[in-house]
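Asker: Can you build the whole structure from these sequences, using the hints too?
Protein chains: 4
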Amino acid sequence: MNLTKLLPLLAILIASTGQAQVQNRIVIPDILGFKTLQCDFHIHTVFSDGLVWPTVRVDEAYREGLDAISLTEHLEWQAFGRDIVASHNRSYEIAKPVADNLDVILIRGSEITRSMPPGHFNAIFLSDSDALAKDDWRESFAEAKKQNAFIFWNHPSWDAQQPDTTLWWNEHTEILNNGWMHGIEVCNGNLFCQESFQWCLDKNLTMIGTSDIHQPIQTDIDFARGEHRTMTLVFAKERTAEGIREALDNQRTAIFYQNQLIGREQYLRAIFENSIEIIDISRGQTHATVRLLNKSGLTFRLKKTGHGGDVVYFRDYEIKPHSRHSISVRFPIEGESRVNFEVTNLLVSPGQGLQCSYRIN
Amino acid sequence: MNLTKLLPLLAILIASTGQAQVQNRIVIPDILGFKTLQCDFHIHTVFSDGLVWPTVRVDEAYREGLDAISLTEHLEWQAFGRDIVASHNRSYEIAKPVADNLDVILIRGSEITRSMPPGHFNAIFLSDSDALAKDDWRESFAEAKKQNAFIFWNHPSWDAQQPDTTLWWNEHTEILNNGWMHGIEVCNGNLFCQESFQWCLDKNLTMIGTSDIHQPIQTDIDFARGEHRTMTLVFAKERTAEGIREALDNQRTAIFYQNQLIGREQYLRAIFENSIEIIDISRGQTHATVRLLNKSGLTFRLKKTGHGGDVVYFRDYEIKPHSRHSISVRFPIEGESRVNFEVTNLLVSPGQGLQCSYRIN
Amino acid sequence: MNLTKLLPLLAILIASTGQAQVQNRIVIPDILGFKTLQCDFHIHTVFSDGLVWPTVRVDEAYREGLDAISLTEHLEWQAFGRDIVASHNRSYEIAKPVADNLDVILIRGSEITRSMPPGHFNAIFLSDSDALAKDDWRESFAEAKKQNAFIFWNHPSWDAQQPDTTLWWNEHTEILNNGWMHGIEVCNGNLFCQESFQWCLDKNLTMIGTSDIHQPIQTDIDFARGEHRTMTLVFAKERTAEGIREALDNQRTAIFYQNQLIGREQYLRAIFENSIEIIDISRGQTHATVRLLNKSGLTFRLKKTGHGGDVVYFRDYEIKPHSRHSISVRFPIEGESRVNFEVTNLLVSPGQGLQCSYRIN
Amino acid sequence: MNLTKLLPLLAILIASTGQAQVQNRIVIPDILGFKTLQCDFHIHTVFSDGLVWPTVRVDEAYREGLDAISLTEHLEWQAFGRDIVASHNRSYEIAKPVADNLDVILIRGSEITRSMPPGHFNAIFLSDSDALAKDDWRESFAEAKKQNAFIFWNHPSWDAQQPDTTLWWNEHTEILNNGWMHGIEVCNGNLFCQESFQWCLDKNLTMIGTSDIHQPIQTDIDFARGEHRTMTLVFAKERTAEGIREALDNQRTAIFYQNQLIGREQYLRAIFENSIEIIDISRGQTHATVRLLNKSGLTFRLKKTGHGGDVVYFRDYEIKPHSRHSISVRFPIEGESRVNFEVTNLLVSPGQGLQCSYRIN
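Protein chains in written order, with our numbering: chain A, -3 to 357; chain B, -3 to 357; chain C, -3 to 357; chain D, -3 to 357.
These are calculated hints, taken from the structure and not from any lab test.
One or more of the hints may lead you astray.
Heads up, the list lumps identical chains together, so a pair's fine if it works in one copy or across two of them.
As the list claims (entries may be wrong) - With a straight-line cut-off of 20 Å between C-alpha atoms, the simulated DMTMM-like cross-links for lysine to aspartate or glutamate are:
| # | residue 1 | residue 2 |
| --- | --- | --- |
| 1 | K291 | D276 |
| 2 | K316 | D218 |
| 3 | K300 | D155 |
| 4 | K141 | D155 |
Answerer: Here you go:
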């Protein structure tokens, strides 16, 4: 068939991808001299078992204002292999021009997809995904290391592989000792693995949070209700692939999961303090009113902790995104008084929120 | 690679498609002894130039409570042909088991995709899409007719093909005379073609409204804001593929487009009257209050038309979905009084809303 | 000024209250032969320190599909007393005709508003609120009892009165012994008081959940995000004020708070089981797939508990409102296998979810 | 009763008004050296026939990011006069401290509420509302003028007063000639009066758009669906009451109504051009792609108008708030080509959108 006459038309047809888009980025402050980048390093398309074309993932990332993504197709599992036969690099190649056009950083990655042990791992910052397709999983890891990949263990508590308890197998010790594991997913989609959180703290590994999205993103995430995808916050010296890699190599991440932050204390404290602006404090002898503004798109849930006698303030207090508040405190005339609380949705270790203490008079 | 050990795992992976779904059907009443079926006969997937896997289209239809859909891939245009090589029937075959499982009626169709004239046409109720792939468009139409397809002209006013005015070409007369055109898209996505509306009335053709969706549906339609996909309402004797075909063959359709209804007067009047329930009317000598309930998910916009002197009621009035209202009318003591209005968003011909007149005393 | 000529106009002006309304009731099933009524017994208007006119509270209740409300103005505190001087019954009297018209059950009530101890109490099912306005709080309680009121303690853990711990004072023992306390608020707005929950279980008191709303309801509750007001579910023999009273007197309530249910086990179990419809179960020798439908507007969060070896199913599972699910279970060929889990957001005692166990083969 | 002990508590109770608030201002650009202020000069509270306390109106304005409001209680109609007896200035006095605290400009006003003719008028920038309460409406207007008020005619097409056609009565000529009418409401709530629009153009009067809100604002305006209150955009030299007055006196306003702008051409053109940022244009010999960003919260609907032969571009095109677009144009090799369109939702006279013409090569 002669397609020549169709071509001008088809150019318009295909251009419709991403023709009109609105960007809704969640405001999260930069901290400690680093840029806070919003990243998702675990995503699928029809080139493994996801349900959308690769460019859709870039459009989604653009609309959510993400800085970087990685399309991590399963090396061992092409759900649609009868219809789609392609290199393991193909997904990246298709998405790359669209990502460049929309200024989304696209990082080449693949998912090593094995039974437990060792389970699933993502290798990102690859140069050639095809080279990882090996029968023996140890060879896949070795090749990833050879390509200088950043490798993390995916969803250790996934019930399909660890149906009752989240075990660390001998194979994981071997992988770690071989330099094949640099991080662990603490959160994957709706899954939050407490063991992963502790392992990252104990073994000085990088904490990762990902969407592991297979559906069109809006099918799983109801943005109109204030939901967001699970993501990794990367505290980078610069907004580049290299900047992200340097931060990952130095464990400078936190996880944004179901309107909670999970991470090392110094980063969460800095995010909290950079989010809240004190507008003014009106002080009397025994009473103060603090007016403050949450400049971020984050929610903070405060719970009173032990404090000096006769200091009276909230027991539980919620600070919603971009909200302005007046908080009242009573205190005794004499002596220094402090307001102490835990931010229960900023988790610095399993079950433990960020502890805060501010002098009020 | 030996996949045997992976299989139990993979079965779980693939089952995640459509695992948890909520159905939100717009309530539109049955009329005149027919079931009102909500249908979309123009949809794309990655098997032409859409951006999702075919099963996604069935999931979307299930969630919106659609009764029937057709995946109408371009015969002449596979945007992803480098990676996906398949029969023109493949999209239907992949979607069929999921459709059966979710009780969505799936109708085999294809889009004949040509320069203007004659432009694009959909042929649905096909038995073999591959047989339509011909160089000469007349042969494609002839084959569709041979398969007893229902054929309609797509988006006659599409600016890529008719950039300034919407013309009826000689080829369309030929197509009509050959029995190759049974309906026309009056609405396609965000496009409403007044000329198509008039042609359907003049030539006794079936009015069709479709989404022509390429993106994941939620990218184009903001359901949280009350948007809906453009669709065809089919007034069928039964909820089956055969029932739909019989109704299409007898022009028993209307179009639901941007919270408007477009169609023949008798159907729109019946929908309006079956949607509104009069709860009660309290009448005095010169004053009545009508309490009514809109049982449907449709909006109705009323505009006063010419009426008897001294009858006083609203000038413009909006009835939102599922809302309850109290409407006041004053009238003279003597003689019969009527409330006359136009429902401006139920269009019975181009620019003309449904005319209503009700006796109030 | 002669207002006669204005009157026809003004009739129209005032009629605009509640002219057009949409009802969005959350579906919660009836149980155990009782009707499940959705009630809010703690509400304020401008007649104490709320910010809206009393009829607004009825309109709000109608829109949310509530069955019954009580306007419980503070007896001791009229924030707007400079401008509004009225009987303590006035709020009820203004709201009553609108409530009757919209079929919302309006129960006369008042809030006894004292420093701690004893704090705040609501007395509902009063016949004359004015008679409760006494200097001595004991006289107020005695009068409420004389009027055969149903009396409950409000927000025992409110930080303004119990800033650090939730104490039961001697006065509460006195009140209880005098027959002046029939229930306790376990939840009040965003406040959930664990101590109240335990006290209700220990002392056989009625569990109450209320909004204690002061603002226009939409200011505090973001319905578009799936939020709902805190309310009491009353399991009544009939949908009347008397039916509600009989149920309250017999502790047949549960609390709907932030998409959790709090209450006695038998009621929560019945709600769970009446909400979930098993569509079908397909069983093999070692594998079953359960298809189910959540017919309710409630969310259920399931967490696996201890179970027989070799039974493999979800670890955590969320069932959203009105959603359809396919759940897979593997089990050994021999012997009976059970799926055991806790519904973590149906709380039957502090920190304890509803325990469930179903035989799968 | 001794309230002394209650006072610390009550201070906390009353402080809850406006304790936590989020500001969502619609982005509308400044133009022509003026600040674009978002104002609503027609609002009711319980001090006439509105349904909320005056401070609620300030909170609502703060949350919507309004710059200025006026509480314009009816002078002749107190729906709740049995319970609320107060000066006509009272509403302003109650709201003023909250407005100052939240930096909302509060302008004292009143509504002169008469049968037609002359109907209802708002007088704003008053110094004493009580002085306007006169039996003879001419005396009320004279007093308003004496106080140097800005006076505008409200909802001329309101069906309760002009049930069939929108008439200009002799009394309006008298009022205009006396210097008692400086503007007219072109839009009031859901009402758009074409006659008012033309009168403002013909008689050089200031165009006003108002909410005339009586309900809690969220009852009438569904913000989650992208609705907004009808408001007046004031193009002021400074963000002060005086700045607003100067702009009103010089007809520097436009109206924001149902996602349309209505106003004089120079202001609407400036808003359109300041909203759209051209990111880049890639040009070939016969083809250009324009990438642009809508920096505003406004929607623009474009419709092609007459243009040179062989220039091919969209027929209808919608630009949503804060969206990014790629627009393609084809044109002949030789000669200058222009893209011509009307922005159909920026109305510069009744039924007439803003005409635009841009050279493309």
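Asker: Which numbered hints does this structure break?
Answerer: 4
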